[in-house]
Each structure stands twice: as structure tokens, then as C-alpha cells.
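> Chain residues, written in single-letter form:
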Amino acid sequence: EAGVAQSPRYKIIEKRQSVAFWCNPISGHATLYWYQQILGQGPKLLIQFQNNGVVDDSQLPKDRFSAERLKGVDSTLKIQPAKLEDSAVYLCASSRGQDTDTQYFGPGTRLTVL
Amino acid sequence: QKEVEQDPGPLSVPEGAIVSLNCTYSNSAFQYFMWYRQYSRKGPELLMYTYSSGNKEDGRFTAQVDKSSKYISLFIRDSQPSDSATYLCAMSALQYGNKLVFGAGTILRVKS
Chain W
334 EAGVAQSPRY KIIEKRQSVA FWCNPISGHA TLYWYQQILG QGPKLLIQFQ NNGVVDDSQL
394 PKDRFSAERL KGVDSTLKIQ PAKLEDSAVY LCASSRGQDT DTQYFGPGTR LTVL
Chain Y
22 QKEVEQDPGP LSVPEGAIVS LNCTYSNSAF QYFMWYRQYS RKGPELLMYT YSSGNKEDGR
82 FTAQVDKSSK YISLFIRDSQ PSDSATYLCA MSALQYGNKL VFGAGTILRV KS
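Top to bottom, those sequences are chains W and Y. With our numbering applied, the first sequence covers 334 to 447. With our numbering applied, the second sequence covers 22 to 133.
Calculated from the structure, these hints are not laboratory results. Among the hints, a few may not be true.
As a list, the in silico EDC-like pairs of lysine to aspartate or glutamate whose alpha-carbon atoms are at most 20 Å apart [unchecked claim]: (1) W:377 with Y:24; (2) W:377 with Y:66; (3) W:377 with Y:28.
Using the sequences and the hints, build the whole thing.
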């Protein structure tokens, strides 16, 4: 079974620029998560999708971050405009359902904002 | 005060040692407790999953949960250099939609 795929793996941008990350979850997984992991910290949930609907986006900075999951499969996370404090690894995870199912993580996209 | 506290380390041990990793938490609503292992430049992978209090063993790994003390532990027996990674504790509760709350992670280095 193929794992969660993410691209790009690394991205360097200047502040105030925009950036987008892409995630392809494990086939058949209904739930998709985006996490932000700042260096030295644990992952923090940004947004959770169940199929193509948003379940939880309470910690998503909506003035600059947006995410979509069209057709309930792939997802993109966008930051516009980026700030220095957005430098982090952005992890995508997926699970079969919503409750206690195991979350499988992708390798992440490391973003550096200069 | 953070919801989940975890000593960042690094913890350095010789090969073959028994390793003890710990987390404390403040929210008594947490019911599900997990340990993830994260290698450098990789995503976290689930190691152990425990519901409520008690022990769970899987090979060289043992997870313990003490809900009365709000304290969880992961023990690694006969540690190997390949165990060198960051270990993240995570926990969740049904009333919060099972959203995972992670500790900061402990860096473990096993020296051969």
C-alpha cells in the first residue's frame, strides 16, 4: 500500500510571497489532516477534512492560510502572504475514518521563509 | 502551561540499555494515548496505541498509562542504534473529536 505523498519536499520563499503544498492521501482514506510542526515542537493540527468537508479548522490562521480537498481525495494547503513565523514542516496525514483510526503521516514539506 | 509536557532531551544511551520516555498532561478528558517515532526528515509513524490506563507490550516496546497521575511512559528494552529518533507522545479525547494533541518530542540517541 502506497503511503501519503507530499510535494514539494522543500520550499524556500521570501516573506509576503505565497506558497502551496500538495498532499495525496492513502487510497480509500476518507479523513485528511494538515499539521504544522515548528522546529522543536510537536505537530499542531491546522485543518481536518472528512471526505471533502471541513471537520475542524479552529487552529487554521484563516487570514493567510487556506486549504481545500476537491473530490475528497487530494488536498492543497496555501499560505498567502507568508510570514517568517510560518517556517515549519507541514505534514499531511490520512486515516480510514474519523474516530480512533490510526493516522498515517507523509514525509512533510519543509518551508523556510526568509 | 502546555496541555502535554515532554522533556525534549536529547537522551543519549549505550546500545542495549533500557530507555524510559515520559509525558505528563493536564486534561483529564484524554482517553487515547499514543507514541509516535519520527526519524530525521520523515513523518511520524505510530508505535503504540493505548486506551485508558494500563500497560501494553509490543516486542521491545512497552507503553504505560497512569490516568490518576496524568502520566504516560514508553519503555524500550535492548535499545538499538536504529531506535535513534524523536519520540512524540500524543493523546486525544472523543469529546474533542479525537483531535491529536502532541508533546514536543524527546530526541533519543543510542550509541553503538
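> Of the numbered hints stated previously, which ones are contradicted by the structure, given in increasing order?
The structure conflicts with no hint, since it agrees with every one listed earlier.
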